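Trainee: Sequence:
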Amino acid sequence: MGQVTIYLDDETEKRLRKAAESAGVPVSRWIGRLIQEETRTQWPESVRKLAGIWPDFPEAGELRKEQGTDTPREAL
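The sequence shown begins at 1 in the working numbering and counts up by one.
These are calculated hints, taken from the structure and not from any lab test. Owing to the predicted nature of the structure, the values given are computational and were not obtained by experimental measurement. Mixed in with the good hints there might be a few duds.
Ranges of calculated distance between the beta carbons of each label pair, as one might list FRET restraints [claimed, not checked]:
1. ARG15 x ALA75: 51 to 61 angstroms
2. ASP56 x ASP9: 40 to 50 angstroms
3. GLN42 x VAL4: 22 to 32 angstroms
With a cut-off of at most 25 angstroms between alpha-carbon atoms, the simulated DMTMM-like pairs for lysine to aspartate or glutamate come out as follows [to be verified]:
4. LYS49 x GLU59
5. LYS49 x GLU37
6. LYS14 x GLU37
We treat Cβ as the ideally placed atom computed from N, Cα and C, and that holds for glycine.
The whole structure should be built from the sequences, with the hints applied where relevant.
Mentor: This is the structure:
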């Protein structure tokens, strides 16, 4: 397990400690969770469950139909 040292101003540290205490976890775990959340490579399960939940939501093609045709790219 890696270790990281961070430097915070006093006010930021107070807010960090208060947030960790409110969550009922140690500061290191609170920071670890934040880093995991901010660096994840997939949508959270709660977001993935929303896929298709709105039956009247337009399909991608319908949303893009008024955008026109792309201009062909130049060859490199």
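Trainee: Next step is simple, just say for each hint if it's right about the structure.
Mentor: Now the hints, each set against the structure:
The supplied range of 51 to 61 angstroms is met by ARG15 and ALA75, whose beta-carbon atoms lie about 54 angstroms from each other. For the pair ASP56 and ASP9, the supplied restraint of 40 to 50 angstroms holds, since their beta-carbon distance comes to about 49 angstroms. Between GLN42 and VAL4 the beta carbon distance is about 23 angstroms. The supplied range of 22 to 32 angstroms therefore holds. Proximity of LYS49 to GLU59 is assessed by CA-CA distance (about 17 angstroms); at most 25 angstroms being required, the pair is judged to hold.
Only pairs whose Cα atoms come within 25 angstroms are accepted, and LYS49 paired with GLU37 is accepted, the gap being roughly 17 angstroms. Taking the CA atoms of LYS14 and GLU37, the gap is about 22 angstroms. The hint holds against a cut of 25 angstroms.
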